[in-house]
Every structure is written in structure tokens, then in C-alpha cells.
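Enquirer: Sequence:
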Amino acid sequence: YRCDWSSDVCSSDLLALLVEPGTEDDPQPSEVALELQDTFKEIMVDEYQDTNGVQETIINLISRVDNRFYVGDVKQAIYSFRMADSSLFMNKYNTYGLMNDAVERRIDLAKNFRSHENILTTTNFIFYQIMTQEAAELDYGEKESLIPGRIVEKAPSDWVGGAVEIHLLDTSDTNRSDEADGDSETA
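Numbering (the working numbering), first residue to last: 1 to 187.
A couple of the hints might just be wrong.
[As the list claims (entries may be wrong)] Below, computed lysine to aspartate or glutamate pairings styled on DMTMM-like, alpha-carbon distance capped at 20 Å:
id: 1; residue 1: LYS75; residue 2: GLU137
id: 2; residue 1: LYS143; residue 2: GLU165
id: 3; residue 1: LYS111; residue 2: ASP66
id: 4; residue 1: LYS75; residue 2: GLU153
id: 5; residue 1: LYS41; residue 2: ASP101
id: 6; residue 1: LYS154; residue 2: ASP108
Honestly, the hints are just simulated from the structure, not real lab data. It should be emphasised that the depicted structure is a prediction, and the values quoted were computed from it without experimental measurement.
Construct the complete structure from the given sequences, taking the supplied hints into account.
Expert: See below:
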């Protein structure tokens, strides 16, 4: 079952059904939630970096510690305007163990098979400069780097690859108007 998290049914109504009455300040699973914990073999959450507190509570109520599977990447967190809280992701990223026998284990999927090596090298270079704890909730370092998973040795003739160009625009001149570009419209 895929829940449309933007629906009211998937937030307050569902939460009310899953929380044991009287435990709202420290939500404890209701009988319905306990039954769901026994029903689901696995709870899988994609794009976990865009989860909010209500969704996190629901996930915790219907799952067990040993059957949660989260997939996410804080570098792709884009829904803070919808109350997404990427600190939920970062807390798990920073506390889950890397050992195979850890119940709450982190598996880093660092290899990227979509982009060519030159794109990843450039992306890593930029991210090393701008992604800090203060700016992006993450100090981008070697362990966060994107590693090429496919190397194209003999590119086909129609290959769209090559050097990466970056164009920086100076937007610091806030007094500049469209009129200076001749694009102004008269009212």
C-alpha cells in the first residue's frame, strides 16, 4: 500500500488510529498499530530525507526496530517547505552502525551508475566547497563522495560527454533592472 502523505487521511486521522489514547505526548502504539507491527514483514521508506515528524511517528508506530528500511540522500532534501525534516535522516546517518550485525545498520551506496566520471568529479569538487554542516547539514567529505560505477572506455560516436563547463552568474547587483537589458515592458 502506498500512502499519499499529502492527504489528510494519512496524517492526523491515521495518527489518531495508531496512537494509544492518553500517550499523545510520548506516542505509544495502539492495538491497531501493534497488529500492523506483526503484519508487516518490512516497512520500506523511499526519499526518507523528505520525511516529516508525523510520518516518522507513523512509521515508528507500525514498525519494529528490526524491519525498517530507509532510502535517502540528504543532498536531495527539497521539501522543507512541506515540513520535511532532514534532521531525521541525518540522525540515523550519524548514529546507525556500519557493521553487518548491527540491527540499525547504515549501508552507503556511494557508486553512481547514472553519470559519467567527469560529471561526478566536478560535482564532488563543488560539493567539497559548499556542502558544510552549517549550509547543508552535512560536511561533504571523502565518505560522501560520488564514486563512478561505470567507466566508458570506448565511447560510441554519438556519446554526449567530454569536459564539464560551469557558468557562474553574478547576481550581487540587486539594483540592476530588466530595463538595462532592454527587456522592460511599459505599464
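Enquirer: For a quick check of understanding: which of the numbered hints are violated here, in increasing order?
Expert: Numbers 2, 3, 4, 6 - these are the hints that the structure violates, sorted from lowest upward.
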